[in-house]
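Quick note, the sequences are listed as chains A and B, same order. Numbering of the first sequence is given in my numbering, commencing with residue 2 and proceeding in unit increments. Numbering of the second sequence is given in my numbering, commencing with residue 2 and proceeding in unit increments.
Since the hints were made in silico from the structure, they are not lab data.
The list treats identical chains as one, so a pair stands whether inside a single copy or across any two.
In silico DMTMM-like links for lysine to aspartate or glutamate, alpha-carbon gap of 20 Å or less: (1) LYS350 <-> ASP370; (2) LYS222 <-> GLU297; (3) LYS189 <-> GLU391; (4) LYS242 <-> GLU297; (5) LYS331 <-> GLU161; (6) LYS350 <-> GLU401; (7) LYS350 <-> ASP246; (8) LYS290 <-> ASP245; (9) LYS90 <-> GLU161; (10) LYS94 <-> ASP140; (11) LYS431 <-> GLU339; (12) LYS242 <-> ASP289; (13) LYS242 <-> GLU213; (14) LYS94 <-> GLU161; (15) LYS90 <-> ASP140; (16) LYS154 <-> ASP289.
2 protein chains.
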Amino acid sequence: MSHEIRERTTDPLADQSTLTSPGRRGFLRRGGAGAMATAVAALATPEIAAAQASATAPATGADNLPPNVPEWTRSLGGPTAVPYGTPSKYETKAVRSLYPGLKEPMSAYSTTPLQELDGIITPNGLHYERHHAGVPTIDPAQHRLMIHGLTDKAMIFTMEEIRQFPSISRIYFMECSGNPSFLPPYGKTAAEVAGLVSGASWTGVPLRTVLEHVGLKRSAKWIVAEGADGAAMTRSIPIEKCLDDVLLAYSQNGERLRPEQGYPLRLFVPGFEGNMSIKWLRRLHVTDKPGHTREETAKYTDLMADGRARQFSFVMECKSLITSPSGTHKLTRQGIHEIRGIAWSGRGKITGVDVSIDGGRTWKAAVLDAPVLSKALTSFRAPFEWRGQELMLMSRAMDETGYVQPTIEQLIQARGKFSFYHNNAIQPWKVAASGEVTNGRA
Amino acid sequence: MSHEIRERTTDPLADQSTLTSPGRRGFLRRGGAGAMATAVAALATPEIAAAQASATAPATGADNLPPNVPEWTRSLGGPTAVPYGTPSKYETKAVRSLYPGLKEPMSAYSTTPLQELDGIITPNGLHYERHHAGVPTIDPAQHRLMIHGLTDKAMIFTMEEIRQFPSISRIYFMECSGNPSFLPPYGKTAAEVAGLVSGASWTGVPLRTVLEHVGLKRSAKWIVAEGADGAAMTRSIPIEKCLDDVLLAYSQNGERLRPEQGYPLRLFVPGFEGNMSIKWLRRLHVTDKPGHTREETAKYTDLMADGRARQFSFVMECKSLITSPSGTHKLTRQGIHEIRGIAWSGRGKITGVDVSIDGGRTWKAAVLDAPVLSKALTSFRAPFEWRGQELMLMSRAMDETGYVQPTIEQLIQARGKFSFYHNNAIQPWKVAASGEVTNGRA
Numbered sequence: 002m003s004h005e006i007r008e009r010t011t012d013p014l015a016d017q018s019t020l021t022s023p024g025r026r027g028f029l030r031r032g033g034a035g036a037m038a039t040a041v042a043a044l045a046t047p048e049i050a051a052a053q054a055s056a057t058a059p060a061t062g063a064d065n066l067p068p069n070v071p072e073w074t075r076s077l078g079g080p081t082a083v084p085y086g087t088p089s090k091y092e093t094k095a096v097r098s099l100y101p102g103l104k105e106p107m108s109a110y111s112t113t114p115l116q117e118l119d120g121i122i123t124p125n126g127l128h129y130e131r132h133h134a135g136v137p138t139i140d141p142a143q144h145r146l147m148i149h150g151l152t153d154k155a156m157i158f159t160m161e162e163i164r165q166f167p168s169i170s171r172i173y174f175m176e177c178s179g180n181p182s183f184l185p186p187y188g189k190t191a192a193e194v195a196g197l198v199s200g201a202s203w204t205g206v207p208l209r210t211v212l213e214h215v216g217l218k219r220s221a222k223w224i225v226a227e228g229a230d231g232a233a234m235t236r237s238i239p240i241e242k243c244l245d246d247v248l249l250a251y252s253q254n255g256e257r258l259r260p261e262q263g264y265p266l267r268l269f270v271p272g273f274e275g276n277m278s279i280k281w282l283r284r285l286h287v288t289d290k291p292g293h294t295r296e297e298t299a300k301y302t303d304l305m306a307d308g309r310a311r312q313f314s315f316v317m318e319c320k321s322l323i324t325s326p327s328g329t330h331k332l333t334r335q336g337i338h339e340i341r342g343i344a345w346s347g348r349g350k351i352t353g354v355d356v357s358i359d360g361g362r363t364w365k366a367a368v369l370d371a372p373v374l375s376k377a378l379t380s381f382r383a384p385f386e387w388r389g390q391e392l393m394l395m396s397r398a399m400d401e402t403g404y405v406q407p408t409i410e411q412l413i414q415a416r417g418k419f420s421f422y423h424n425n426a427i428q429p430w431k432v433a434a435s436g437e438v439t440n441g442r443a
Numbered sequence: 002m003s004h005e006i007r008e009r010t011t012d013p014l015a016d017q018s019t020l021t022s023p024g025r026r027g028f029l030r031r032g033g034a035g036a037m038a039t040a041v042a043a044l045a046t047p048e049i050a051a052a053q054a055s056a057t058a059p060a061t062g063a064d065n066l067p068p069n070v071p072e073w074t075r076s077l078g079g080p081t082a083v084p085y086g087t088p089s090k091y092e093t094k095a096v097r098s099l100y101p102g103l104k105e106p107m108s109a110y111s112t113t114p115l116q117e118l119d120g121i122i123t124p125n126g127l128h129y130e131r132h133h134a135g136v137p138t139i140d141p142a143q144h145r146l147m148i149h150g151l152t153d154k155a156m157i158f159t160m161e162e163i164r165q166f167p168s169i170s171r172i173y174f175m176e177c178s179g180n181p182s183f184l185p186p187y188g189k190t191a192a193e194v195a196g197l198v199s200g201a202s203w204t205g206v207p208l209r210t211v212l213e214h215v216g217l218k219r220s221a222k223w224i225v226a227e228g229a230d231g232a233a234m235t236r237s238i239p240i241e242k243c244l245d246d247v248l249l250a251y252s253q254n255g256e257r258l259r260p261e262q263g264y265p266l267r268l269f270v271p272g273f274e275g276n277m278s279i280k281w282l283r284r285l286h287v288t289d290k291p292g293h294t295r296e297e298t299a300k301y302t303d304l305m306a307d308g309r310a311r312q313f314s315f316v317m318e319c320k321s322l323i324t325s326p327s328g329t330h331k332l333t334r335q336g337i338h339e340i341r342g343i344a345w346s347g348r349g350k351i352t353g354v355d356v357s358i359d360g361g362r363t364w365k366a367a368v369l370d371a372p373v374l375s376k377a378l379t380s381f382r383a384p385f386e387w388r389g390q391e392l393m394l395m396s397r398a399m400d401e402t403g404y405v406q407p408t409i410e411q412l413i414q415a416r417g418k419f420s421f422y423h424n425n426a427i428q429p430w431k432v433a434a435s436g437e438v439t440n441g442r443a
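Given only the sequences and the hints, what does the whole structure look like? Please build it.
This is the structure in structure tokens:
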């Protein structure tokens with residue numbers, strides 16, 4: 002039994018494509034991969050020699066390890082990660098960030114490092130945050146939810162009582178309505194551009210169940226939801242939505258909510274702007290009209306070109322974002338690469354994502370990764386070839402209503418230049434001849 | 002506009018069921034809810050008065066808060082949880098645990114606190130662990146994967162190169178083959194009984210893609226996978242499985258693997274016993290026969306009644322577990338409760354879960370929560386009524402192959418009493434007249 006040791010390729014995608022890949026030997030001569038290729042070449046010789054030696058018999062564990070066994074294989078590792086594990090010390094980039102230059106981290110937000118993440122689930126430690134008066138520390142044994150107003154009964158519930166109602170778990174996205182704002186500066190990384198979106202599995206009681214329990218009067222048209230934070234963050238939600246898919250959520254990705262996500266109880270309003278999913282939920286006031294609260298008059302309206310404000314723009318419209326390669330990434334070799342990203346729609350399922358590498362002149366369909374769930378992040382990916390030329394990478398998503406993600410020009414045409422929230426425009430990333438990737442709108 | 006303030010119920014499920022619930026006034030008189038009901042009653046008066054007052058106008062935020070506003074609403078909260086968030090300080094029970102009495106936490110395992118969790122995703126900090134020589138600390142820049150043996154090329158890959166291959170994300174369960182062992186003691190909590198199972202979204206490169214890249218010889222029948230830990234943990238996997246759904250996984254729930262889950266690279270072998278998903282993966286040796294390594298001769302075989310060992314029992318068969326109510330939980334009121342749990346099968350999708358409250362004499366179908374994914378945890382739930390009598394709660398799952406989860410008696414009949422691994426028997430939980438829940442097999 003024998004096999005031939007061939008020179009290793011530096012283009013793992015080359016065999017996956019019908020496009021021609023560069024001469025590998027020529028690529029190595031050009032030294033394009035720099036230090037990495039060199040380091041691997043140095044390592045390769047003894048390991049492949051060992052591979053040849055061991056290939057004559059099945060591997061049986063430590064007995065036939067190659068000679069250059071690393072330190073971590075020669076030694077006993079650390080203990081089990083109890084009580085609660087944390088990321089590797091090498092993952093220094095996979096962290097939440099505050100808006101650059103922000104001095105006061107209470108009325109603030111932090112972004113999910115989308116350019117470091119994969120798939121449709123965001124770890125709880127990295128889910129984006131937005132607070133209006135900081136993160137309260139709430140004792141769940143003392144927390145109460147009151148439901149009153151146009152109901153048959155006014156009721157107060159403990160957390161234990163809420164959790165006794167039939168509960169469901171659903172995977173949904175959550176996005177801040179200002180992700181991003183219309184205004185420059187637009188930021189360098191995917192997190193800085195649009196890091197106020199995350200995905201998670203949310204567990205809770207369908208609000209409908211509890212509303213049926215307290216009984217709604219015929220005149221009930223809205224619910225004004227109020228948080229227990231210092232801002233008493235308050236939003237109005239149409240009763241139709243409350244009876245559809247809104248949750249009284251107490252868990253996120255399996256465990257109880259994190260403090261910054263509303264522990265011990267938040268509203269979760271699927272597909273609507275994130276600020277409506279009131280955190281630290283203490284009160285649901287059933288009314289016949291919206292509250293016109295501070296947060297829905299002074300904030301969270303859209304100033305139109307004619308000077309009037311568009312109010313109650315609840316739904317987060319269909320959107321997508323390329324997360325790899327994205328700003329501050331660098332292509333270090335020519336050949337086939339993969340565009341990866343996420344798409345989502347507040348109106349239902351994503352039905353397709355197109356990608357372009359030439360700034361929108363030509364498009365091709367990306368592959369959607371299963372599962373494709375309603376009002377959840379959906380992963381997409383598509384191969385592309387880079388030969389050292391400048392590229393402008395773009396993605397545009399479509400949802401099951403037929404809506405297609407717009408360009409920024411189309412958005413400005415529809416809403417004027419003074420709008421702040423609900424910017425779901427196509428985000429371009431520029432690839433320079435050097436391979437460096439930067440924000441195509443900056 | 003007015004509404005009637007009625008006495009609050011202590012049974013939130015009562016309106017969800019056709020079964021009769023107890024007189025609420027009578028229940029409160031009996032004092033069954035103890036301190037909780039008292040505390041709520043004390044709180045209820047001023048809040049409901051406030052509710053009456055505020056019901057005459059829509060809520061407008063802080064202006065019409067009830068008088069007993071808690072401290073956390075009167076004050077500014079803490080800062081954003083950057084760079085990486087952690088659970089609430091009140092969630093002291095949602096932690097991983099070592100086997101009780103274990104002195105040495107390297108060759109060890111820790112369990113997922115299933116009785117505290119919801120849904121089909123386990124947070125990374127709580128995913129169960131099993132280590133044979135502790136947790137190595139691996140520098141991803143230095144880590145390499147070698148593929149050799151019956152291949153056209155022997156190749157060595159850096160992590161950067163592996164991540165450049167087309168990648169996918171999939172939600173799967175992972176379970177230790179000894180979850181639980183056949184032997185007593187069986188433990189008190191769901192974690193102690195069967196906490197070596199977790200669910201996550203795994204991102205990586207289909208192994209098939211990389212095998213096609215290096216080229217398999219016709220004689221290739223098995224792959225012997227080896228870890229870079231001090232135990233050089235090594236298992237053999239049939240080539241058919243490797244070409245089906247095995248992943249070279251580098252992310253879990255969106256972020257890079259945690260150290261205790263194989264950072265920076267692990268094999269993920271969906272539906273097979275967890276120890277085959279080799280962590281800290283450094284080598285794939287393509288062979289024509291299994292390695293018969295230490296871990297598949299001395300360990301991970303099943304001793305049958307006739308003294309022979311069953312080898313290569315790869316698949317984790319269909320199973321379910323009631324997580325709420327479960328051992329150490331307590332029913333604090335009579336009325337309608339909800340059984341909640343998880344089901345999974347290494348052979349595909351769960352098609353149904355039955356539950357029993359009378360020790361298996363009668364069964365009824367539970368509701369499965371969407372999404373129901375192949376080789377992933379599936380949530381189920383079913384209401385039941387408790388009137389202070391003794392109950393024996395059970396669940397039994399079925400998968401798309403028609404397999405039905407067995408009883409322990411059926412398993413012992415098939416495999417004898419000396420088997421250790423692959424116990425997927427029905428787990429009973431006993432509810433005492435006091436409401437206390439204990440292990441029905443202990």
